Structure formats: structure tokens, C-alpha cells
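Here full-length UniProt numbering is used: the sequence shown runs in plain steps of one and ends on residue 315.
By construction, these hints were calculated from the structure, which means they are not laboratory data. All values reported here derive from a predicted model rather than from experimental measurement. Hints are supplied without guarantee of correctness; some may be wrong.
As the list claims (entries may be wrong) - Ranges of calculated distance between the beta carbons of each label pair, as one might list FRET restraints:
#, residue 1, residue 2, range
1, 33, 260, 32 to 40 angstroms
2, 11, 105, 29 to 37 angstroms
3, 143, 229, 24 to 32 angstroms
4, 258, 229, 39 to 47 angstroms
5, 107, 263, 35 to 43 angstroms
6, 80, 117, 21 to 29 angstroms
7, 173, 93, 24 to 32 angstroms
Beta carbons are placed, not taken as given, at the ideal position from N, Cα and C, and that holds for glycine.
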Amino acid sequence: MSRRRDWRARLKDQRANIYILQHPLKFTLQVLRGFRANQGLLLAGAVAYYALLSIVPFLMLVVVALSHFIDPVELLDTLRRYLELLVPGQSRPLVTEVANFLQDRQLLTWVLALTMLFFSSLAFTVLENAMSVIFVHRVAVRRRHFLVSAVLPYCYILALGIGIMVVTLVAGALQVMGSESVWLFNYKWSLGGVSGALLYLLGLAGEILVLTSIYLVMPVGRLSIWHGFVGGATAALLWEIARHVLVWYFSTLSQVNLVYGSMTTAIVVMFSLEIAATLLLLGAQVIAEYERVGQAGDGEPPAQPTGDTPPLARG
1 MSRRRDWRAR
11 LKDQRANIYI
21 LQHPLKFTLQ
31 VLRGFRANQG
41 LLLAGAVAYY
51 ALLSIVPFLM
61 LVVVALSHFI
71 DPVELLDTLR
81 RYLELLVPGQ
91 SRPLVTEVAN
101 FLQDRQLLTW
111 VLALTMLFFS
121 SLAFTVLENA
131 MSVIFVHRVA
141 VRRRHFLVSA
151 VLPYCYILAL
161 GIGIMVVTLV
171 AGALQVMGSE
181 SVWLFNYKWS
191 LGGVSGALLY
201 LLGLAGEILV
211 LTSIYLVMPV
221 GRLSIWHGFV
231 GGATAALLWE
241 IARHVLVWYF
251 STLSQVNLVY
261 GSMTTAIVVM
271 FSLEIAATLL
281 LLGAQVIAEY
291 ERVGQAGDGE
301 PPAQPTGDTP
311 PLARG
């Protein structure tokens, strides 16, 4: 049975690859039309809004939990460095709020902790619902059990917490390495540059891993690891380009401080999350159209989304 499934999957992939190579522009237009039919920008806005609600309580819970095992200063420094990959230029205000909460962590009660945990899970819940809209052809065949949908966000929170701990430990080791130097060809070479490059690559690898896991786990049904990795790597590279453009824009052309004043941080973070969510869901739309092309008959164009997609609140 497994061999038959693998053979069918390879046949669909081959059919999709041939179609895309023969009609690259047509496939691109299908992706954009499907994204528009699924109201992709509206979905991205919902994901970004709930991500904005979730990011601060999530970071607070993670820092409070990990501060029992890792030096809080080192933990906050790691968060500041890698939050720049998600919210360029605005990591310092977020880390400051987390640090203030860490100083008053004795005020954390079980009720407050559970409330913060619930708000931390909202972004993942909405993201799963957005994926069900884009992968509606899968939902029509197989629905996910509601208990799985309820537990999945908390599993992601736990996995990301463990990931932050591992990244903090590895980053600490790389920083120690950066303070060292080696003698080679009668010249003293500092390892600071190597350490900085490895720290950036560590963050990029973590970014690709998280995006790949989202493409693999969030939609209903099965997706090959290779397809998930390609989607995650592509989305990560596109986001890196967009992130550098955002950094340049906010540092040179933007007058957002004059317009929004004290709300600047929230607006900039929201805008960054909106772009990131758009790229994430656009990557999911590419995968969905790829699957539709593979499932279509030989020489037949794939069926287009009709816009009759399930509402966002439906799991």
C-alpha cells in the first residue's frame, strides 16, 4: 500500500513539474488568482493581528520558564538578536517589555499563566484555520479531529520553547568562539567574523525549520518533507529580502514616528508581521496549486478555487 501511494505521489509530482515547465506564467497567474479567491491578504491580516497579540505573552512565558536553566541576560540577548529576523528594527522594545516582566515574575499566578498561554496559542490557531482555507481541496476529503486542532497550538509553543533554549545554548557557544583567535601562516586570525556569520546562519536555519514545520503540520493531510523544505526555504529567502527592504525603508524614507508617535512600535511590528504572513500564505498557495496541477488529468488545466471557502473561524 505504501509503495502504491509513493508511486502515485511521484506520478503527480511528475505531472505537476511538466505542467509548470510548459506553462510557468500560467501557473504563476493561477497561484495569484487562487490567492485572491481565497482572500489571502485578509487571511494574512488576521494571522498578523493574532501574531501581534501572541508574541509578547509567548516570549514572556518562554523567558520565565527558561530563566530557571539559562542566564536571563544571555537569554534576552539571544531573543533580541533573533527577533530582528521577525520584526526588523523593533526587537529592543519587545525585549524591554519581556525584561520588565521578568523582574516582576513573582507576580505570575496560575490564572495569569494560563491566560497568557491561551493568548500565545491564538496565532497558531488562526494560522491553522487560514491553511484550511488555502488547502480547501484537502479539507473536502479529510477533516482534522477537533482535539488535534485544539492541542496543536500548544505543541507548537512547547516546540518553539525548546528551540529557543537550544538556539540560546548554541549562540552562547558561538559567541565564546568569537572571542578567540587562531594562528595561521604566521598571522593571528580573529574568529569574530566567523562567529557572526555562524550566528546569522543559525537564525536562518531556525527560520527555515519553523516554516518547513508549518507547511508540513498545519494543513490537513500529508505533504512530502522535500516539498515542505522547498516551500520553507523559499519563504525564508523571500522574507530575508523583504526584511532588508523594510530595514532600509524604516531607516531612510519612513516618517512613521511623526505619524503614529507612541504607537510606532505596534504599527511597525504589525506591518512586518503582515508581510511575513503574506509570504507564508503565498508559499502555501503555491503548494496548493502544485497539488491541484498534479491531481488534474493529463493535459487538463487544474480546477480553480471558486471562492466558496470555509470561513476563517472554522477548524
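Here is what the structure says about each hint:
no. : hint                          : in the structure
1   : 33 / 260: 32 to 40 angstroms  : holds, 34 angstroms
2   : 11 / 105: 29 to 37 angstroms  : violated, 56 angstroms
3   : 143 / 229: 24 to 32 angstroms : holds, 26 angstroms
4   : 258 / 229: 39 to 47 angstroms : holds, 43 angstroms
5   : 107 / 263: 35 to 43 angstroms : violated, 26 angstroms
6   : 80 / 117: 21 to 29 angstroms  : holds, 23 angstroms
7   : 173 / 93: 24 to 32 angstroms  : holds, 28 angstroms
Checked against the numbered hints above, the structure violates hints 2 and 5; every other hint is satisfied.
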